[in-house]
Amino acid sequence: MLWSLFFSQLFNGVQLGMLLFLLASGLTLVFGIMNFVNLSHGSFYMLGAYFAAATLAYTGSFLVAGVVGIGGTMVLALAVERLALRRLYARDHLIQVLATLGLIMFFNEAVRMIWGSQPLFTAQPAWASGSISLGGLNYPTYRLLIIGAGIAVALGSYLLIHRTRIGMLVRASSTHPEVVAALGVNARQLNTLLFSVGAGLAALAGWLVGPIVSVQSGMGDTVLILALVVIVIGGIGSIRGAFFASLMVGLVDTFGRAYMPQLLRGFLERTVADAAGPALASMLIYLFMAVVLALKPGGLFPVKR
Amino acid sequence: MFPETFHWRSPRIWLVLLLLAGLLLMPVASAALGTSFYLSFATRVVIYAIAATGLNLLLGYGGLVSMGHSLFVGLGAYVVGISSFHGLTNGWVQLAITMGLTTVVATLTGLVSLRTRGIGFIMITLAFGQMFYFLAVSLKQYGGDDGLQVEQRSVFEPLPSLDNKVALYYIALGVLVLLMYAVWRTVHGRLGYVLRGFHANERRMLAAGFPQLRYQIVAYVASALPCAVAGMLLANLTSFASPSYLSWQASGDLILIAVLGGMGTVIGPLIGSIVLLVLEETVSKMTEHWMIVLGPVILLVALLSSQGLWGALLQRTRARAPSGGDRS
Amino acid sequence: MGGLPYIPVATQKETALKSKTLALAISAAFSLVAGAAAQAQTPVKIGLMAELSGPQAALGQDKLDALNLIVERNGGKLGGVPVQILRRDTQLKPEIANQIADELVEKEKVNFVVGLSFSNIFMAVSKKLTSAGVIVVGSGAGPAPLAGAQCSPNLFVVSKQNDQFAEAMGKYAADKAYKRVIAIAPNYQAGKDFVGGFKRRYTTQLVDEIYTPLNQLDFSAELARIASEKPDAVYAFLPGGLGVSFVRAYQQAGLMTRIPLLSVSTVDGTTLPALKDVAVGAKHASAWGPDLANPVSKKFVEDFTAKYKRIPSEYAAQTYDAVMLIDSALAKTKGNVADVKALTTAMRAADFPSVRGKFKFNTNNFPIQDFYVFEVVKDAQGQATLKTIGKPLVDAADAYVAQCPMKG
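Protein chains in written order, with our numbering: chain A, 1 to 305; chain B, 1001 to 1328; chain C, 2001 to 2408.
Be aware that one or more of the hints could be misleading.
Claimed, not checked - Okay, the calculated bits of chain A under chain C, using three or more residues with CB under 8 Å as the criterion:
(1) 12 to 22
(2) 107 to 114
(3) 118 to 128
(4) 214 to 227
(5) 279 to 287
No lab work stands behind these hints: they were computed from the structure.
We treat Cβ as the ideally placed atom computed from N, Cα and C, and that holds for glycine.
Using the sequences and the hints, build the whole thing.
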């Protein structure tokens, strides 16, 4: 009985980790390779979720919703990048923070004006509802889908960055942009492409995670902080770092919430334990990040420059 | 980017004097308009300017972007709130506690944060801010996220009672002026130059043998103290202490104020505070979709100028100043 | 530029008429009325303090819509006198709310303030408003201190005291004789209040109390804990987005059909549109539901749905009552707002048609009312809505009235 709960929580931790990885993958690419503090990542996540939910309500097809959600967000990101953000690549981080903060405000209000303040309806596809029985335990199929998607994105990103020509150019231009430009590659287009891909990954997360959480204005803000914490722990710019950091954070967070109150009740009075438990649990990932940074300021898998 | 020197014939001086006169006469104007609302609003502007001026020391001169300085504002507010809750209303004692506590917390968080650079620093300061935010929310005895009512305002003998809105305003204004003077002296002194040096070229400063951590931690603590004082004043103004004072959005507001007015200038944060708060107030009256206006405004500010309003003014008037004896 | 002035412009019709005698009669009548109406011509000012921007605006929007429904229906008047509504967005920040209170009291000199959905906002401004002679009519939060030691003759709450929905659900659970119940709420003040209120009526010790971090993304860990304990029922207080997330996960984990979900403020008018079928089967406790049988409520739901194309939530209903209360008080004093005491006495009488059927104030100006338990079902149009399944508390008073120094 105790073991089955343990394995259940283990699965939950992995699943949360994959969820976090979907959220963080696009962010670490943009941060690391373009050295751009992109706080509007949370907004692209939100827009992906909104576009997908709206399309789902209109067409009833989960997959079409995904295509529109990701595609629409990528187009929007392209526009934003060309109009505003590309001038900021050379500026210091503070200005980038401010500019993208302004974008967050704009998008939060825009979706509220278009779709209203109430959370939007969205649902899991029928073919992924229900559960699968593995070793006597019931796992929701949709969560397995999330895990699958996370692994697919991880592999896909890794292959793209390390095994393709485009990936090679991207990596090269992040460390030696002048050389790459001298070789005749259009750095601007590369940056735009990368930014769109980052936004697309965020939108993918929004599409898949939407049916689990609430699709509403401002949903990107909490997610953004989580994603930032994950990529800082993993090492900015490293997909591998983001993958393992997400898993660790997912597991730490899940086991913290699952066992911390019991643990504290063991040696603290119940009301104190009940109060301290969740407070600690919410601070846990920040403590984790602070410890990692104190020991390894570059993150767990720092990208060598 | 670097601070202005004093030129008595510069047109900027007239602007500063005008501003100062306006601020001094605010209570009179408010009374003439028949309502003390403008006075309360002006007090809030001054309080935010105090916090932003403190942050500017670290941000504008030191180049270190802290997304967690609202934690110190909250610290000051809660010291007032919790002291008042337990019957301790002596303002000087509260001030001493605030200063002591802020120094300890700032030193500890600073030591950890300053091990990182760039984005890492932003993130870790954000993390500390969040940690204290959740701590404040979990303080059930002191209201938790419902906030804590400050039943009795701080008493600063022999200054007049803070229940008097005019007195509170002038005290806040006095703190701001003193602070700006202190910042001016600091940035023109050793700490200021070393800090600016590290911002400009870290490697060279290290090669010259300056102990980076020591200077930066002093700057970090020095930037935290005004924020805590601002927190104390805020709690007295609103008679309330709330975890929302520690939110990351509040930290973002402080950064915005500093950048808007002009980082790396002493009077910039004050200008930024006036402009931002007035803008927020007027736009939010016109429409509740004010965020859709303010967002692009912030974006434009970021795109067009990193010098802020005062910084831009500086550049233009400096270019027109007489060539003799004009040092930048 | 402030709020939306609702000042009638009937005089245009009169001046268009050409007849001399009529003009004379009109001017005579006018001068007669002028004296008496000099006071009524300055509209009564009502400030609406709510969250009108950001994710929490769903609640504020409902309040505003209910308010506008009545005022527009009455042609810009309440109690027969013109009113001016000033809407202010608190942004869910106490320091902004504080400033708004300053502005409404000192600059705009409002007579009433309504709204106040969140306890922290309410607590930040209530004293400032009531001590300035403004009549506060809360239609959302009902913090315990304001029902107890900090009650005030100028303060009225028409919605409920915060603990009461929880108490109603607790009584329901006790009536159903559930032996093993697990409670789950976010780890903040309201979360603890709502679990405390539940425990006041459900006296069997809870198997477990789970407090989740605020802004939690995923509830799998908590659901695994709950499933492994195999309780008879789960009591949940998870407002807004948290509720949507939790209820979805609860249903997806297959728990909705196995373990009854007793919830408060989790499946309500603001979250049901997002949940739809997923929430079917969940129970909900409140003082009002869209299917209540009395005629006032039926008309309200009809009018609201026709105008705004959605089923009103309890927050809209409570605001509707608040505005009707003000309407009745103003009618009683004939629009005279100078005598605050007469106005508050008229308010205490609570002589208005409430969507809850009957309405009465307790000595602390909080309501004495019935509480219902609802179940989420699909209605004839296929929409997810709430159906009454029980009335666990009748004429219930809140637990803090004894601490209030006002004694009727």
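Against the structure, the hints come out as follows:
1. For the stretch 12 to 22 of chain A, the assignment as covered by chain C holds, since 5 residues bring a beta-carbon within under 8 Å of that chain's beta-carbons and 3 suffice.
2. With 3 residues having a Cβ less than 8 Å from any Cβ of chain C, the stretch 107 to 114 of chain A passes the three-residue criterion, so the hint holds.
3. Coverage of a stretch by a chain is defined here by at least three residues with a beta carbon nearer than 8 Å to that chain's beta carbons; for the stretch 118 to 128 of chain A and chain C the count is 7, and the condition holds.
4. Only residues whose beta carbon comes within less than 8 Å of a beta carbon in chain C count, and the stretch 214 to 227 of chain A has 9; three or more means the coverage holds.
5. Coverage of the stretch 279 to 287 of chain A by chain C holds. Counting CB-CB distances below 8 Å, 3 residues qualify, and the rule asks for three or more.
Taken one by one, the earlier hints all hold for this structure without exception.
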